[in-house]
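Peer 1: Chains as they are written, first to last, in our numbering: chain H, 1 to 242; chain B, 243 to 458; chain E, 459 to 685.
It is worth saying that the hints were derived from the structure and are not from the lab. Since the model is a prediction, treat every value here as computed from it, not as a measurement. A virtual CB, placed ideally from N, CA and C, is assigned to each residue, including glycine. Be aware that a few hints might be false.
[What the hints assert, rightly or not] Some chain E residues well away from chain H (every beta-carbon gap over 12 angstroms; in silico):
#, residue
1, 462
2, 484
3, 522
4, 578
5, 584
6, 594
7, 596
8, 607
9, 641
10, 646
[Said to hold, decoys possible] DMTMM-like mimics (lysine to aspartate or glutamate), calculated; alpha carbons at most 25 angstroms apart, straight line:
#, chain 1, residue 1, chain 2, residue 2
11, B, 452, E, 565
12, H, 109, E, 520
13, H, 132, E, 565
14, E, 680, H, 134
15, E, 576, H, 70
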Amino acid sequence: MSAVVSLSNVHKSFGAVKVLKGVSFDIGASEVIAVIGASGSGKSTALRCINALETVDSGEILVCGHKVHDAALDRRALRRDVGIVFQSYNLFPHLTVAQNIMLAPSCVKNMGKAEARALAEQVLAKVGLLEKADNYPEQLSGGQQQRVAIARSLAMQPKLMLFDEVTSALDPQLTGEVLRVMEDLARAGMSMILVTHEMAFARKVASKVIFMHQGKVWETGPGAMLDNPQTKELSEFLSNGL
Amino acid sequence: MSLTPVHIEFIAVGALWTIGLSAIGFIGGSVLGFSMALARISPSPLLRRLASGYIQIVQGTPLLVTLFLFYFGLAVIGLDSLPAIVAAGLGLVIYSSAFLAEIWRGCLESVPKTQWEAAECLALSRWQRMTRVILPQAMRIATAPTVGFLVQIVKNTSLASVVGFVELAQAGKLVNNTIFEPFTVFIVVAAFYFAICYPLSAWSRSLERKLNVGRR
Amino acid sequence: MSYTFDFSALLPYWPVFLQGVWLTLKLSALATVLGFVVGTLCAIARADGPSWLKFLVAVYVETIRNTPLLVQIFLVYFGFASMGLKVSANTAAVAALVVNVGAYTCEIVRAGLESIHKSQLEAAECLGLTRTQTYWHVIVRPAIERVYPALTSQYVLLMLASSITSQISAEELTAVANRIQSDTFRSFETYIATGALYIALSFVVRVAFILFGLVIFPRRRKLGTAI
Numbered sequence: 001m002s003a004v005v006s007l008s009n010v011h012k013s014f015g016a017v018k019v020l021k022g023v024s025f026d027i028g029a030s031e032v033i034a035v036i037g038a039s040g041s042g043k044s045t046a047l048r049c050i051n052a053l054e055t056v057d058s059g060e061i062l063v064c065g066h067k068v069h070d071a072a073l074d075r076r077a078l079r080r081d082v083g084i085v086f087q088s089y090n091l092f093p094h095l096t097v098a099q100n101i102m103l104a105p106s107c108v109k110n111m112g113k114a115e116a117r118a119l120a121e122q123v124l125a126k127v128g129l130l131e132k133a134d135n136y137p138e139q140l141s142g143g144q145q146q147r148v149a150i151a152r153s154l155a156m157q158p159k160l161m162l163f164d165e166v167t168s169a170l171d172p173q174l175t176g177e178v179l180r181v182m183e184d185l186a187r188a189g190m191s192m193i194l195v196t197h198e199m200a201f202a203r204k205v206a207s208k209v210i211f212m213h214q215g216k217v218w219e220t221g222p223g224a225m226l227d228n229p230q231t232k233e234l235s236e237f238l239s240n241g242l
Numbered sequence: 243m244s245l246t247p248v249h250i251e252f253i254a255v256g257a258l259w260t261i262g263l264s265a266i267g268f269i270g271g272s273v274l275g276f277s278m279a280l281a282r283i284s285p286s287p288l289l290r291r292l293a294s295g296y297i298q299i300v301q302g303t304p305l306l307v308t309l310f311l312f313y314f315g316l317a318v319i320g321l322d323s324l325p326a327i328v329a330a331g332l333g334l335v336i337y338s339s340a341f342l343a344e345i346w347r348g349c350l351e352s353v354p355k356t357q358w359e360a361a362e363c364l365a366l367s368r369w370q371r372m373t374r375v376i377l378p379q380a381m382r383i384a385t386a387p388t389v390g391f392l393v394q395i396v397k398n399t400s401l402a403s404v405v406g407f408v409e410l411a412q413a414g415k416l417v418n419n420t421i422f423e424p425f426t427v428f429i430v431v432a433a434f435y436f437a438i439c440y441p442l443s444a445w446s447r448s449l450e451r452k453l454n455v456g457r458r
Numbered sequence: 459m460s461y462t463f464d465f466s467a468l469l470p471y472w473p474v475f476l477q478g479v480w481l482t483l484k485l486s487a488l489a490t491v492l493g494f495v496v497g498t499l500c501a502i503a504r505a506d507g508p509s510w511l512k513f514l515v516a517v518y519v520e521t522i523r524n525t526p527l528l529v530q531i532f533l534v535y536f537g538f539a540s541m542g543l544k545v546s547a548n549t550a551a552v553a554a555l556v557v558n559v560g561a562y563t564c565e566i567v568r569a570g571l572e573s574i575h576k577s578q579l580e581a582a583e584c585l586g587l588t589r590t591q592t593y594w595h596v597i598v599r600p601a602i603e604r605v606y607p608a609l610t611s612q613y614v615l616l617m618l619a620s621s622i623t624s625q626i627s628a629e630e631l632t633a634v635a636n637r638i639q640s641d642t643f644r645s646f647e648t649y650i651a652t653g654a655l656y657i658a659l660s661f662v663v664r665v666a667f668i669l670f671g672l673v674i675f676p677r678r679r680k681l682g683t684a685i
């Protein structure tokens with residue numbers, strides 16, 4: 001099975017600070033990978049490198065056939081295959097929910113207005129927010145905004161979805177509704193990489209968990225690995241979380 | 243005949259008068275404007291409305307029209323032997339007072355309400371509250387926009403030329419009437435204005451930066 | 459004071475006054491629209507252009523902001539003449555006003571452009587939008603909405619400043635007032651009436667801008683809040 005994502009020996013520094021010190025892992029189709037680790041371990045940076053939001057200093061990244069490490073990468077083509085959801089949702093405040101979702105399909109895929117609207121309503125229904133189509137983001141709760149952000153990425157029909165700590169900014173009550181949407185996506189067969197602190201969710205939904213520590217992949221394994229840490233660092237990390 | 247050092251000297255003297263007229267406008271405008279600002283936040287609704295009305299009328303009238311009003315108005319009352327600087331000065335003072343009042347009112351109101359409350363709870367009188375607690379803070383906030391408005395005053399002194407006062411713009415016009423090279427003459431005039439205004443603008447910007455850093 | 463006010467002397471001139479009001483509105487409206495376009499393009503250049511362009515725009519903006527409008531009007535007016543172009547006073551007036559308000563618009567819009575958070579750009583980029591599409595949909599449109607009140611104030615000021623163009627004999631309200639004043643010898647009354655007309659104009663123009671803003675910014679109309 002050819003990998004959807006493949007990182008080989010990726011190094012990345014921000015100025016004098018080395019954040020990724022040789023990161024390598026593979027992700028196959030329809031796999032759900034949870035990346036966990038303390039802040040500063042490099043997990044968000046690794047995710048952002050996968051989507052070419054950061055450039056790598058050395059190493060190779062292959063995503064859906066794109067050579068992301070290459071300076072000559074066609075970013076727009078990569079972004080048609082990869083969707084990303086951010087911690088701060090980043091919805092466009094001056095557009096309605098539906099307009100937020102319709103923007104990319106009409107600009108990037110030249111979709112007509114009626115077709116784009118139908119698509120928007122379809123993905124909104126999938127995340128359970130069809131009735132909010134004509135509201136503005138500021139009228140929605142944090143959890144609702146994040147679900148709209150997921151819908152916005154889904155509308156572009158990506159092959160891979162990245163989630164960068166998408167529930168970290170939410171109240172505990174609102175976290176559940178977002179995690180439910182993500183679980184539905186996983187069950188439907190979407191390839192997903194989540195950087196997350198939600199250990200219970202990772203254990204339940206992820207097909208593989210990657211624990212990052214000090215810029216390296218420290219331990220990987222199925223969700224059950226979290227009950228049975230092999231390394232000192234992972235058990236320390238897990239006990240700190242409790 | 244073209245632009246000689248004598249002409250430039252004449253224009254430079256005009257620039258000095260510009261600075262002088264600006265000072266008059268600023269000082270007079272500050273005194274009147276400060277009273278208006280206080281009136282705008284006074285507990286008396288009548289004072290508030292009067293001050294507000296004054297500011298709206300002055301801000302809604304072009305300075306040129308205000309100047310004409312004073313220039314011709316004074317003549318009509320019988321005071322036409324007064325020099326043009328008086329009409330120009332009065333017009334500029336009235337104009338500045340309205341804008342400075344609004345700037346300073348904004349600064350006074352941006353001092354957090356909690357400061358007023360704290361001072362009141364310490365049994366300070368209204369006067370003491372103003373002078374010891376509110377004004378020092380408001381003045382710090384007001385320095386940058388006030389210096390910025392000073393640039394506006396300098397530029398607006400150019401309108402005094404219309405009532406015949408020989409400041410920088412009028413000096414330029416007179417020189418031009420002699421040598422008929424308007425483009426050259428007014429480039430020189432513009433350069434003088436720039437030399438006066440740019441340092442003030444730059445100072446205002448640096449004050450703004452310092453203030454924002456201080457706030458954090 | 460032996461002067462007696464006589465506003466009735468002005469009554470036969472009210473159509474002339476109204477014509478002056480109309481001319482001022484036309485002049486200001488044209489300068490506003492053109493100045494907005496010039497200013498927005500300069501703002502984009504200054505926020506996001508190559509360094510040499512940023513420098514040129516900065517020089518333009520600083521020059522305009524530190525010299526009086528009266529001198530700018532003279533330079534534009536005589537500048538046209540020195541290039542051999544014969545333009546009407548009104549054309550020169552509009553040109554000078556556009557040059558002037560373009561610089562101020564540039565600074566206002568630039569502040570708006572720079573207030574758009576980087577995360578918005580990232581989101582748009584990650585959805586696959588091109589640079590131009592991102593600029594238009596995610597940066598310029600919300601930026602203009604954000605600075606619209608500041609732009610409104612600037613254009614009301616422009617309308618008031620148009621009175622200065624009377625100095626190159628442009629046709630507008632102050633020039634009309636000067637003529638009426640010299641006809642009737644009622645200078646006090648004339649300029650008081652003129653001042654009142656400008657005050658009324660300021661109010662009307664401001665309200666017009668607010669209503670226009672409600673039309674073009676549906677979010678503002680529906681939610682009533684600033685972004």
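Peer 1: Let me make sure I understand: some of the numbered hints might not hold for this structure. Which ones are they, in numerical order?
Peer 2: 4, 5, 6, 7, 12, 13
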